[in-house]
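Asker: Taking the hints into account, I'd like the entire structure generated from these sequences.
The residues making up each chain are set out below.
2 protein chains.
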Amino acid sequence: MATLNIKRNVFAENDRIAEILREHFAKNKTFVINIIGSPGCGKTTLLEKTIEHFKGKYKIYTLVGDVQTEEDAVRLREAGGDAKQIITGGACHLDARMIEKEFEESIPKSLDMLIIENVGNLVCPSSYDLGEDHKVVIVSVPEGEEKPLKYPSIFIRADLFILSKVDYLALGGFDKEKILANGKKVNPKIRELCLSSRSGEGMDEWFEWIEESIRNKKNS
Amino acid sequence: MATLNIKRNVFAENDRIAEILREHFAKNKTFVINIIGSPGCGKTTLLEKTIEHFKGKYKIYTLVGDVQTEEDAVRLREAGGDAKQIITGGACHLDARMIEKEFEESIPKSLDMLIIENVGNLVCPSSYDLGEDHKVVIVSVPEGEEKPLKYPSIFIRADLFILSKVDYLALGGFDKEKILANGKKVNPKIRELCLSSRSGEGMDEWFEWIEESIRNKKNS
Numbered sequence: 004m005a006t007l008n009i010k011r012n013v014f015a016e017n018d019r020i021a022e023i024l025r026e027h028f029a030k031n032k033t034f035v036i037n038i039i040g041s042p043g044c045g046k047t048t049l050l051e052k053t054i055e056h057f058k059g060k061y062k063i064y065t066l067v068g069d070v071q072t073e074e075d076a077v078r079l080r081e082a083g084g085d086a087k088q089i090i091t092g093g094a095c096h097l098d099a100r101m102i103e104k105e106f107e108e109s110i111p112k113s114l115d116m117l118i119i120e121n122v123g124n125l126v127c128p129s130s131y132d133l134g135e136d137h138k139v140v141i142v143s144v145p146e147g148e149e150k151p152l153k154y155p156s157i158f159i160r161a162d163l164f165i166l167s168k169v170d171y172l173a174l175g176g177f178d179k180e181k182i183l184a185n186g187k188k189v190n191p192k193i194r195e196l197c198l199s200s201r202s203g204e205g206m207d208e209w210f211e212w213i214e215e216s217i218r219n220k221k222n223s
Numbered sequence: 004m005a006t007l008n009i010k011r012n013v014f015a016e017n018d019r020i021a022e023i024l025r026e027h028f029a030k031n032k033t034f035v036i037n038i039i040g041s042p043g044c045g046k047t048t049l050l051e052k053t054i055e056h057f058k059g060k061y062k063i064y065t066l067v068g069d070v071q072t073e074e075d076a077v078r079l080r081e082a083g084g085d086a087k088q089i090i091t092g093g094a095c096h097l098d099a100r101m102i103e104k105e106f107e108e109s110i111p112k113s114l115d116m117l118i119i120e121n122v123g124n125l126v127c128p129s130s131y132d133l134g135e136d137h138k139v140v141i142v143s144v145p146e147g148e149e150k151p152l153k154y155p156s157i158f159i160r161a162d163l164f165i166l167s168k169v170d171y172l173a174l175g176g177f178d179k180e181k182i183l184a185n186g187k188k189v190n191p192k193i194r195e196l197c198l199s200s201r202s203g204e205g206m207d208e209w210f211e212w213i214e215e216s217i218r219n220k221k222n223s
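Heads up: the protein sequence lines correspond to chains Y and F, in order.
For the first sequence, the numbering used here gives the first residue as 4, with consecutive numbering after it.
For the second sequence, the numbering used here gives the first residue as 4, with consecutive numbering after it.
Don't read these hints as lab results, they were simulated from the structure.
No experiment lies behind these values; they were computed from the predicted model shown.
Be a bit skeptical, because a hint or two may be false.
Identical copies look the same in the list; a pair holds intra-copy or inter-copy alike.
Said to hold, decoys possible - Straight-line alpha carbon distances no greater than 25 Å define the calculated BS3-like cross-link-like pairs of lysine-lysine that follow:
1) 62 <-> 32
2) 181 <-> 52
3) 188 <-> 58
4) 104 <-> 10
5) 220 <-> 32
6) 10 <-> 58
Answerer: Structure (structure tokens):
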């Protein structure tokens with residue numbers, strides 16, 4: 004019971020900070036997404052391609068959460084992006100306080116877009132509001148069709164579901180329509196997008212979604 | 004500070020129960036593994052094949068942890084196994100108390116092997132001792148070579164590292180030797196096994212590891 008109350012307080016405090024962040028981002032007209040998916044679902048590769056695509060056009064900054072290693076931020080900087088690693092130590096998710104700290108210390112104030120790549124984990128990060136405009140959930144083809152049903156919490160909270168690594172569909176044994184239907188079953192309003200960072204398939208739709216979202220934010 | 008102390012108490016209490024479970028399993032000569040990996044790394048498919056292989060030879064019981072759905076236990080029962088789903092609700096891991104409850108209520112006492120399939124998550128489950136003989140970590144080829152470095156906690160605690168879905172190596176773009184080397188870098192004593200439940204490659208070595216472990220447990 005004590006543990007439950009502490010948990011409730013943790014979430015309430017997180018939500019309070021997230022709202023402050025959301026106000027800052029709204030004032031600065033910065034479009035913010037919080038990307039959540041399992042280890043190895045293709046988050047960082049997708050962001051590399053995204054950074055390369057928008058280089059010179061939009062000012063994008065990326066925060067990358069990981070339990071250990073600087074590797075992802077290094078990869079994104081090599082792709083030409085401006086990126087900062089948040090090493091959580093033991094923590095299996097990012098929380099609003101970590102983003103607030105970066106807002107004070109590292110995040111540039113005049114940004115078109117802030118991308119937060121959460122820790123590779125389909126469970127815990129879904130509970131933490133980071134002040135984002137949208138949560139984006141990624142599941143890759145090899146992970147299997149039933150993932151939306153088994154991890155409903157993130158699908159309920161996300162506005163966009165990316166089915167990644169669709170180049171693996173060529174190997175067979177995966178029912179694309181079934182996973183998309185499962186996504187809609189958990190969240191009928193979720194937008195769905197199929198892509199492969201490796202083959203390039205579907206990437207244009209992703210880039211258009213970002214452009215449109217940045218435009219809407221500027222006009223909001 | 005209060006939160007930290009509560010966390011320490013949670014782990015201490017978990018370890019206390021895990022030790023009691025370990026004594027029970029030792030008395031009953033039941034070999035116990037705790038399988039940990041990301042969502043979609045191939046845990047349940049591997050267990051289906053394992054249950055089919057040992058059907059009639061060994062008495063195996065499986066506990067399957069998931070945040071939601073009974074699907075995995077249903078699949079394992081369809082494969083001819085005796086399986087019970089533990090739905091954790093929000094929790095991103097199994098803990099010793101959940102196993103203790105099943106030990107009292109559902110787990111048969113005369114077992115050759117108890118398989119615990121943890122919640123799909125490479126972070127949190129690594130901290131909870133469930134009274135097992137071995138933690139087994141699974142990473143699938145599509146997840147990428149750097150996983151042992153990014154999720155060291157489970158690699159430090161596991162005795163066996165299974166690289167799964169090696170049939171995906173045919174698509175290229177993955178360095179098998181690199182991920183195996185990364186595994187050894189984090190834990191030089193870890194045993195490594197490459198297999199595909201789909202193609203059957205490497206499965207014999209996995210079955211032999213189980214047979215040997217069951218024999219060792221009987222003679223312990």
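Asker: Compare the structure with each hint and give your call.
Answerer: Hints and how they fare:
1. 62 <-> 32: Classified as within: same-chain Cα gap 12 Å, cross-chain 61 Å, threshold 25 Å.
2. 181 <-> 52: between (27 Å within a copy, 23 Å between copies)
3. 188 <-> 58: neither (37 Å within a copy, 36 Å between copies)
4. 104 <-> 10: Both ways: residue 104 and residue 10 sit 21 Å apart in one copy and 24 Å across, limit 25 Å.
5. 220 <-> 32: within (6 Å within a copy, 63 Å between copies)
6. 10 <-> 58: neither (41 Å within a copy, 44 Å between copies)
Of the numbered hints stated above, those contradicted by the structure are hints 3, 6, listed in ascending order.
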